[in-house]
Each structure stands twice: as structure tokens, then as C-alpha cells.
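A.B. asks: Listed below, chain by chain, are the residues.
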Amino acid sequence: MSTLFKPFRLRRGPKRITPVGPAERRAGYAVLCVLLAVLAYALIKQSQFNPAVVAALREGPAGAKKASGATASALAPVLDALPGVFPLSEVEAFDPDTLSDKIDGKAELYLSSGFKEMVWRAFGPTDGDKARFDIYVYDMASPQSAFAVFSGQRRNGAAALGLTENAYSTGNALFFTVGSRYLEIVADSDAPAVKNLLDPLGAALLAKLSPKLGEQAANAQEGEPSPGSLFPKPGLIEGSLRLAMSDAFGLEGFSNVYTADYKLGDAEATGFVSILPDEAQAQTWKQNVLKFLLDNGYSQIKADDAPEGAVVLESSGAFEAVLTRGRLLYGVHEATSRQAAVALAGALDKQAREKMR
Amino acid sequence: MSKFGETQPRGESALTRRDFIKRAAGASVLALSAGALYAGLYDGRGPSPGDTGKILTGLGDFSVPAVAGRMAIVRGTDRAAMLDRAVAALGGIESFIQKGDRVLIKVNAAFATPPSLGATTNPELFAAMARMCLVAGAAGVFVTDNPINNPESCFDLTGIAEAAASTGARLIIPGEGLFSPLTLPGGKLLVDWPVMAGAFKGVTKLIAVAPVKDHARAGASMILKNFYGLLGGRRNVFHQNIAGIITELSLLAKPTLCVLDGTRVMLTNGPTGGSLSDLKAADTLIVSTDPVAADAAGLELLERSLSDVPYIQMADAAGAGKADYKLLNPVRINLGA
Numbered sequence: 001m002s003t004l005f006k007p008f009r010l011r012r013g014p015k016r017i018t019p020v021g022p023a024e025r026r027a028g029y030a031v032l033c034v035l036l037a038v039l040a041y042a043l044i045k046q047s048q049f050n051p052a053v054v055a056a057l058r059e060g061p062a063g064a065k066k067a068s069g070a071t072a073s074a075l076a077p078v079l080d081a082l083p084g085v086f087p088l089s090e091v092e093a094f095d096p097d098t099l100s101d102k103i104d105g106k107a108e109l110y111l112s113s114g115f116k117e118m119v120w121r122a123f124g125p126t127d128g129d130k131a132r133f134d135i136y137v138y139d140m141a142s143p144q145s146a147f148a149v150f151s152g153q154r155r156n157g158a159a160a161l162g163l164t165e166n167a168y169s170t171g172n173a174l175f176f177t178v179g180s181r182y183l184e185i186v187a188d189s190d191a192p193a194v195k196n197l198l199d200p201l202g203a204a205l206l207a208k209l210s211p212k213l214g215e216q217a218a219n220a221q222e223g224e225p226s227p228g229s230l231f232p233k234p235g236l237i238e239g240s241l242r243l244a245m246s247d248a249f250g251l252e253g254f255s256n257v258y259t260a261d262y263k264l265g266d267a268e269a270t271g272f273v274s275i276l277p278d279e280a281q282a283q284t285w286k287q288n289v290l291k292f293l294l295d296n297g298y299s300q301i302k303a304d305d306a307p308e309g310a311v312v313l314e315s316s317g318a319f320e321a322v323l324t325r326g327r328l329l330y331g332v333h334e335a336t337s338r339q340a341a342v343a344l345a346g347a348l349d350k351q352a353r354e355k356m357r
Numbered sequence: 001m002s003k004f005g006e007t008q009p010r011g012e013s014a015l016t017r018r019d020f021i022k023r024a025a026g027a028s029v030l031a032l033s034a035g036a037l038y039a040g041l042y043d044g045r046g047p048s049p050g051d052t053g054k055i056l057t058g059l060g061d062f063s064v065p066a067v068a069g070r071m072a073i074v075r076g077t078d079r080a081a082m083l084d085r086a087v088a089a090l091g092g093i094e095s096f097i098q099k100g101d102r103v104l105i106k107v108n109a110a111f112a113t114p115p116s117l118g119a120t121t122n123p124e125l126f127a128a129m130a131r132m133c134l135v136a137g138a139a140g141v142f143v144t145d146n147p148i149n150n151p152e153s154c155f156d157l158t159g160i161a162e163a164a165a166s167t168g169a170r171l172i173i174p175g176e177g178l179f180s181p182l183t184l185p186g187g188k189l190l191v192d193w194p195v196m197a198g199a200f201k202g203v204t205k206l207i208a209v210a211p212v213k214d215h216a217r218a219g220a221s222m223i224l225k226n227f228y229g230l231l232g233g234r235r236n237v238f239h240q241n242i243a244g245i246i247t248e249l250s251l252l253a254k255p256t257l258c259v260l261d262g263t264r265v266m267l268t269n270g271p272t273g274g275s276l277s278d279l280k281a282a283d284t285l286i287v288s289t290d291p292v293a294a295d296a297a298g299l300e301l302l303e304r305s306l307s308d309v310p311y312i313q314m315a316d317a318a319g320a321g322k323a324d325y326k327l328l329n330p331v332r333i334n335l336g337a
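Taken in sequence, the protein lines are chains W and H. Here the first sequence stands for residues 1 to 357, numbered as in the working numbering. Here the second sequence stands for residues 1 to 337, numbered as in the working numbering.
Since the hints were derived computationally from the structure, they do not count as laboratory data.
Here chain H is said to cover these stretches of chain W; the calculated rule only asks that three of the stretch's residues, wherever they fall, bring their Cβ under 8 Å from a Cβ of chain H:
id, region
1, 19-28
2, 36-45
3, 101-112
4, 160-173
5, 188-197
This structure is a prediction, so every number in the text was calculated from the model and none was measured. Heads up, the beta-carbon is just placed ideally off N, CA and C, and yes, glycines get one too.
Start from the sequences and build out the full structure, keeping to the hints where you can.
C.D. replies: In C-alpha cells, the structure reads:
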């Protein structure tokens with residue numbers, strides 16, 4: 001034993017030693033109680049959320065508040081000169097702290113998908129028409145992040161464009177991804193003269209933002225099937241492929257899940273696919289998904305006609321199927337009939353066998 | 001090791017009464033010092049967002065008891081005509097606005113986007129409401145919102161500034177001096193938070209005019225969510241508990257009248273929208289004295305249920321109004337397309 005912990009020794013002569021009495025014991029307990037009370041007080045106060053304090057801590061000292069939209073950005077030159085339009089405003093840039101100043105509650109969609117920065121600028125047509133174009137360029141963490149926000153907002157029935165792999169237009173707007181950037185060109189009307197400017201604007205922005213060949217190669221993972229190719233074509237609703245970067249189906253931590261919608265006869269269903277780092281994680285997430293479904297009122301049902309290893313569940317007329325192959329976790333979400341769930345699970349399984357050889 | 005309180009064996013290492021008292025006193029002093037230090041350093045009020053030195057507890061009750069619990073739902077496409085009929089059905093504008101009233105109209109001007117995109121209060125509807133108040137004898141009509149990013153440009157592009165100028169309503173641009181700290185009694189989120197109390201100075205009536213919209217975080221943005229625009233500061237901290245903050249906002253002020261515009265509804269990609277395809281013609285205007293009931297009725301236009309938008313029932317439970325809007329026996333009027 002070190003001298004530091006050497007037992008207490010008397011320094012001067014013998015002292016009268018008596019057992020610890022009731023008063024001393026009470027005093028001891030009182031000290032402990034005081035200590036516990038201090039601890040409890042500190043913990044309670046610490047746990048009480050004071051938004052004003054949180055906001056102040058984020059902002060830093062008074063006067064250090066970052067001006068919304070005033071951030072300098074390397075992306076700003078992208079919105080310098082564009083064909084057929086002239087700037088109506090300065091370029092404004094928004095980071096994760098200020099994005100909601102510009103797009104309010106929609107910011108969470110971007111923030112949960114790997115948002116880095118957004119630049120915006122308004123333009124008017126040079127031909128004198130009274131029209132307005134708002135162009136938003138979102139810089140996301142990866143091409144997958146850009147696809148997640150693109151697909152999460154895709155308008156049903158919108159016309160796909162050949163501009164890039166992920167591009168579509170509506171009456172007054174054009175939306176596309178290029179590399180890790182997601183772009184929106186929004187006009188204030190669907191007048192023909194206005195619509196005619198959307199495509200040239202999209203092409204000009206694409207030319208400015210197209211990733212270099214080396215960058216493209218770095219983004220492509222060798223030997224990895226594209227997520228879209230894992231979904232069978234029969235019954236697939238065009239343009240319904242989406243990516244949930246986080247918390248897919250409301251299951252916390254269930255990330256990077258691709259989904260696509262199907263119309264199978266009279267029934268509807270959503271297929272899902274997630275490529276995990278390894279087989280063990282695919283199995284773990286299969287169990288997590290099953291537990292989540294069971295916790296939310298689903299019950300496993302017998303389905304001998306489902307693919308081998310598939311677990312089929314049902315709740316109030318909604319059917320789910322979950323299975324794995326190697327590091328692939330896939331299945332069916334919210335099928336409106338048992339037949340549709342089993343058929344889509346079978347088709348997904350067949351596709352997985354072919355693509356994941 | 002012996003347990004605390006056990007008798008020590010006699011001998012050199014045993015504890016004496018004097019030593020025990022010394023140690024106990026030392027521990028007590030330490031504990032009390034730590035507690036005193038914590039209490040001394042603890043700032044229970046948090047940083048003050050304003051310099052008024054006064055913490056508000058609400059923005060006021062602007063309701064008119066004689067016409068409480070009323071609602072009209074009008075079908076049509078002409079917003080001004082629909083508003084006219086709805087207000088007449090609720091007892092006429094004189095039931096709400098008296099001579100000399102100073103009326104604040106809280107619009108949704110959260111984004112610098114044109115009215116065609118439907119993300120903000122329609123300027124024609126706002127103008128019709130402002131005119132109606134002035135005709136009823138209001139001494140002044142004021143309009144405001146607090147879009148964080150570039151308020152002037154938001155009021156300009158949404159058409160609200162022009163509509164205000166054309167009707168004689170006065171635009172209140174949110175400046176730092178208008179904000180004062182507010183702590184809602186019993187509130188967990190609205191604690192020392194800056195709200196635009198300055199815009200309420202001298203105000204005797206409050207009217208909310210908002211569009212029906214999808215909202216990515218809250219599920220829906222209508223009358224209650226519109227009050228979010230009264231908050232200052234880095235209010236995005238509330239996005240993690242959006243239902244909670246909207247519930248507290250429902251208790252912040254009792255409006256005189258709520259005008260919920262479902263003429264064109266933003267069904268998807270709210271609250272910003274962007275594509276005209278996000279909008280759907282629902283041809284409905286809801287006017288009510290009860291903001292919770294107005295939102296509950298607006299949900300039907302969004303094709304959603306109360307379970308999709310939890311804050312409406314939470315506001316009902318908090319006493320801000322009725323989530324079962326049919327209890328108000330709404331007057332239904334069809335002006336045709």
C-alpha cells in the first residue's frame with residue numbers, strides 16, 4: 001500500500017477511542033444527504049432545456065451573430081452570368097446554421113441528408129418580360145445525398161429530362177442533380193416564354209458544375225450495382241425511386257435505404273433495398289426492422305410461397321416482407337395485399353440474386 | 001473496507017470522535033461550498049434577448065367574447081367575395097372591429113417568393129381584410145411577419161407591401177427594437193424568448209391570415225404555425241420540437257379572427273413548394289374566431305387527419321380552441337366556381 005493511502009495514525013499520544021455513536025452516524029448521513037441534494041439539484045437544472053441558452057450558445061457572444069445569407073461561398077461564381085437572364089439580386093449563401101432562414105421547415109430534409117451549403121440568386125429575363133427565376137444550388141455531402149433530396153421532393157407525374165440521370169421539369173420549374181449538387185430553377189409562372197428559358201438555364205448550370213472525370217470515377221464504387229438496378233421493372237412506377245439517408249420508415253438509424261413504388265394489378269406496394277457494409281450488419285438490421293414492425297403492431301404470417309428466408313408480416317391489411325442476401329437487406333413495405341407483398345418480394349429476391357453474384 | 005457507520009476496531013488505525021467530527025465538518029463545508037458555488041454561478045434567467053428588462057408572459061387576448069366559437073366555410077374562387085360572405089355570416093365586421101380599433105394583421109410572408117407559388121399569404125386576400133377593417137372604422141391597420149431572411153424583400157415579392165400601400169395599411173418591418181423576451185406561464189420552450197411584442201403596441205385587435213400548406217416538419221402550416229413568425233432569435237432550435245412550440249404559440253395570443261385561405265392548397269413539398277404542381281385548387285376559405293378549429297378544418301383540405309398533425313390536438317388540450325371544429329356548427333356557403 002502506498003503512503004498516500006496509509007491508514008490513519010495517531011500523531012500525539014493515545015486518544016480515547018470509542019465506537020461511532022448514533023449522533024456521529026446521523027451527522028454522517030446528513031453530510032451524505034447534503035451531497036446527494038446538491039447532486040440532484042445540479043442534475044435537474046442541467047436537464048431543463050432552456051432554448052434561449054441553447055440559441056445563445058450556438059450564436060456565441062453578442063454581436064458575433066452570423067448574418068443570414070451573407071456567407072461568402074466558393075459556389076457563388078456558378079450564379080454569375082447565365083444565358084437569357086440577368087441578376088435581380090446578389091448571390092446569397094446559407095450554411096447548416098442559416099439554411100432554415102431561407103427555407104424554414106424544409107431545412108430539416110437537407111440537414112438530415114448531408115447538407116453542406118446552398119447558394120441562391122434571383123434572375124429576370126433579358127428580353128424584358130416581367131418574370132422571375134429563383135435558382136438554388138445545394139452542395140451536398142455526396143451524390144447519394146444529392147439524390148436523396150432530389151428524390152424526396154420529386155413531383156409525381158413530372159416529365160423526366162435527359163439533362164442528367166436525375167432530372168425532371170414541371171410547368172414552371174426544373175430540378176436536377178449533378179455530382180453532389182442538387183439544383184432547383186423555379187420560375188414564377190408557366191408562361192411559354194418563361195418555360196423556354198428553363199432548359200438553357202439548366203444546361204448552362206450543368207456545364208458549370210459537371211464533375212471532372214476523375215471525380216466521377218471516385219464517386220463510382222467498383223463492382224457495386226447501381227441501387228436502381230436492384231429494383232425489378234415489372235410494375236415499377238416510373239420516377240418513384242427515392243433514397244432515405246436516415247431513419248427510413250421512421251426506424252431510427254435505418255439509413256441509406258432506397259425505395260421504389262409499384263403498381264401490381266389492383267394492389268400497391270413499395271420495395272426497399274439497403275446495401276450494408278457486410279453480411280452481419282445486414283442480418284442485424286433485418287432483426288431491427290422485424291422488431292420495429294412487431295413493436296408497431298405487425299404480426300408474422302405464414303407465407304410458404306414467399307422467397308426462402310423471407311419474413312412476411314401483416315397489420316390491418318398492410319403487408320411487409322423482409323429478407324437478406326449477403327450484405328443486401330431488402331423487402332416490401334406497405335403492400336395493400338398479401339399476394340402483392342409475396343410477388344414483389346420474389347421479384348426483388350430474383351433481382352438480388354442476379355445483381356449480387 | 002468497513003461500511004460507513006460500523007464500529008472501528010480499537011487500535012492505531014481506528015477513527016477517533018474528534019477526527020470523525022473534523023472530517024464530517026470538512027465534508028460538509030466542501031458540499032455546502034460546492035452547492036453555494038453552483039447556486040452563485042447558475043443563471044436561472046438565461047441570456048436576455050432584449051434590453052427592456054421586462055419579461056412578458058403573453059401578447060394579449062384580442063378575442064371578442066360575444067362572437068366566440070364561430071366559423072364559416074365558404075366555397076368559391078374569388079377570395080375577396082368569399083371573405084365578405086364569411087364575415088357577414090359570422091355577424092358582420094362590426095362584430096369584430098369597432099371604431100378606433102388598431103388592428104394588427106399577421107400574415108405569412110416567410111419567403112421571398114411570388115404569390116403564384118402559394119407559399120405566402122395571398123396579397124388580395126390580405127388587402128380585402130385590411131379594407132374591411134378600415135371601412136368598419138379602424139383607426140389603423142398594421143401588417144407584419146418576421147421572415148428571418150431579408151424581410152423587406154419578402155414583403156415586396158409576396159405582394160404584401162404593395163397591397164398594404166394600396167389599402168392604407170401600415171407595414172411593420174421587424175427590427176431589433178420590436179423584440180422583447182417572453183416567458184409563457186407553464187411553457188417549456190417559450191422561456192425568455194424574444195417575440196415581436198413591439199408590433200402589438202397599442203393594438204386592440206389581432207387578425208391572422210394564412211394559406212393552407214404542407215409542412216415538411218410540422219405536417220401542416222396554417223393559422224397556428226403562422227404565429228411562428230412572431231418569434232425572433234435563432235428559432236430553428238425549435239424545429240426539433242415543432243409540435244411543442246406551435247402548441248405554446250397557440251397560447252401566446254388569442255386572435256380576434258382567423259382567415260385560412262384554402263383557395264389553392266400546397267399539398268406537397270411545403271412549406272416552400274416551388275413547383276406549381278405542388279398546388280391544388282381547393283376553392284375554400286375558412287374564417288373562424290377559433291384558430292385551432294380553423295386549422296382542424298384546414299386539415300381536410302390537405303387531405304390529412306388530426307393524427308398526422310399532432311399540434312392541433314395538443315393545442316386543443318392546452319385550451320387554445322377546439323380540434324373538433326364541427327362543434328362550432330360552421331356556416332357553410334357555396335359561391336360556386
